[in-house]
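**Q** Listed below are the residues making up each chain.
Protein chains: 2
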Amino acid sequence: MRSSGRRERKKAEVRQALADATLRLALEHGFENVTVEAIADEVDVSARTFSNYFSSKEEALFATHPRSAGRLSSEWLSAAIAERDPDESPVAVLAAVLGQIAQDLADRTAWWSKMAVVAQSPHLQMRLAAQLSRLEVVMAQGVARRSGRDLGSDPYPALVAVAATGALRVALTHWRSRPGQSLPELLGELFAELTAGLPDVPPPHDPVSESRPR
Amino acid sequence: MRSSGRRERKKAEVRQALADATLRLALEHGFENVTVEAIADEVDVSARTFSNYFSSKEEALFATHPRSAGRLSSEWLSAAIAERDPDESPVAVLAAVLGQIAQDLADRTAWWSKMAVVAQSPHLQMRLAAQLSRLEVVMAQGVARRSGRDLGSDPYPALVAVAATGALRVALTHWRSRPGQSLPELLGELFAELTAGLPDVPPPHDPVSESRPR
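Which chain is which? The protein sequence lines are Y and H, in order.
With the first sequence counted from 1, adding 27 to any position gets you the numbering used here.
With the second sequence counted from 1, adding 27 to any position gets you the numbering used here.
Any given hint might turn out to be false.
What the hints assert, rightly or not - So, partial list: chain H residues that the calculated Cβ filter (under 8 Å) puts toward chain Y:
1) VAL70
2) ASP71
3) ILE128
4) ARG176
5) PRO182
6) TYR183
7) LEU199
8) LEU217
As the list claims (entries may be wrong) - Pairs of lysine to any residue, SDA-like flavour, derived with a Cα cap of 25 Å:
9) H:LYS84 / Y:HIS150
10) Y:LYS84 / Y:ARG36
11) Y:LYS84 / H:MET153
12) H:LYS37 / H:ALA67
13) Y:LYS84 / Y:ASP112
14) H:LYS84 / Y:PRO149
15) Y:LYS84 / H:HIS150
16) Y:LYS84 / H:ASN60
No lab work stands behind these hints: they were computed from the structure.
Treat the numbers as computed from the prediction; the structure is a model and nothing was measured.
Here a beta-carbon is modelled for each residue, glycine too, at the ideal position from N, C-alpha and C.
So that you can see chain Y by itself, here it is in the shape it has in the complex:
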């Protein structure tokens, strides 16, 4: 048992090292100039070993903790939505599950480095947009199932899903300018504005973010 735990730990380390090397090389040379061979070299493993962990350099770039990779999957999201208390409103449900995803993305430096790489490449931008679209579809399906609405004829589930994905996108974009606030906190604030019907109430003076050193 002990040696199996060690093996798992070792595997997680190699996975993380490959993901880190992908990001580092992409920042240095540009993502399109990075090969799987170069990433494997950097970690001193073979390209074949790389392929045991990731199916492509794109996957290695977007890899986070194995748990959060799972959370960004349609299966996790779908199950997470289904498992919430039946009395919760759809907006509250999506706020809760996206809040869990936001916790996994909460390493500010890694996230912004990744976004710098994505900004270089239209291909990566499309991939990220496609991933958000998939999450949106799964959320709409989850909401439709919970509220007994028909996804084809009733626009409500799609509207809630689009607004929720939008809140996540805005949180990810504005997080950088909020040194005093965690990503889940900012996302929670945006969901509160959605739930209130987006009233135009200027935010209160925020002593926390102003007194915190940058």
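We have chain Y; now place chain H onto it with these hints.
**A** Leaving out everything else, chain H in the frame of chain Y:
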């Protein structure tokens, strides 16, 4: 004056004929197989004449009435947002200006034919997505200006813009399943749900759409 009016009318006719021919040929042969020469041939003008009206076959495909082409521009949208009553809330302002855009798109058949062409081509999908992103940015800037908020540090303008663009996207997608409802009406309904904070209230029985023949 009379001959100048005739000239303008004639130009509008050629423009519309080129746009119609682009859509027709794209539906028939696939958008990527359609050349500017073939479109011009179809209308019996030269490729050079085509280029007096449109800079590319993509532009010809997305062309609608000259007025609505203008409305989809950043300049129109920006001015329209600035001109609304200062007492209106940001959501109400975006509902009003997107409602005007929706009126221009209200030809159901033409819209769905265009969407069928867009569905064939990842390139056109990206172009449409880029256009929606541009509208989103202009809306966020307009809201920031109206509410005296800072676009960089305050996520509210972006959140309202993202939710509004989302409502437009959902309206465009669900409109097909709503034979009794116009696009501006459906969009208005979705904005009402946004303003109410997206409560999970099943829609009332709708005698209009059910009694109308399909």
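**Q** The structure should be examined with respect to each hint, and the outcome stated for every one.
**A** Status of the hints after comparison with the structure:
1. VAL70: violated (33 Å)
2. ASP71: violated (38 Å)
3. ILE128: violated (17 Å)
4. ARG176: holds (7 Å)
5. PRO182: holds (4 Å)
6. TYR183: At about 7 Å, which falls below the 8 Å cut-off, the nearest Cβ of chain Y leaves the hint on TYR183 (chain H) intact, so it holds.
7. LEU199: violated (10 Å)
8. LEU217: holds (6 Å)
9. H:LYS84 / Y:HIS150: Since the Cα atoms of LYS84 (chain H) and HIS150 (chain Y) sit roughly 23 Å apart, the hinted pair holds (cutoff 25 Å).
10. Y:LYS84 / Y:ARG36: Holds - the C-alpha atoms of ARG36 (chain Y) and LYS84 (chain Y) are around 22 Å apart, at most 25 Å.
11. Y:LYS84 / H:MET153: holds (23 Å)
12. H:LYS37 / H:ALA67: Measuring from Cα to Cα gives roughly 16 Å; hence the hint holds.
13. Y:LYS84 / Y:ASP112: Roughly 39 Å between the alpha carbons, so the hint for LYS84 (chain Y) and ASP112 (chain Y) is violated.
14. H:LYS84 / Y:PRO149: holds (22 Å)
15. Y:LYS84 / H:HIS150: Holds: LYS84 (chain Y) and HIS150 (chain H) sit about 23 Å apart, inside 25 Å.
16. Y:LYS84 / H:ASN60: violated (33 Å)
Going down the numbered hints, you'll see the structure goes against 1, 2, 3, 7, 13 and 16, while the others check out.
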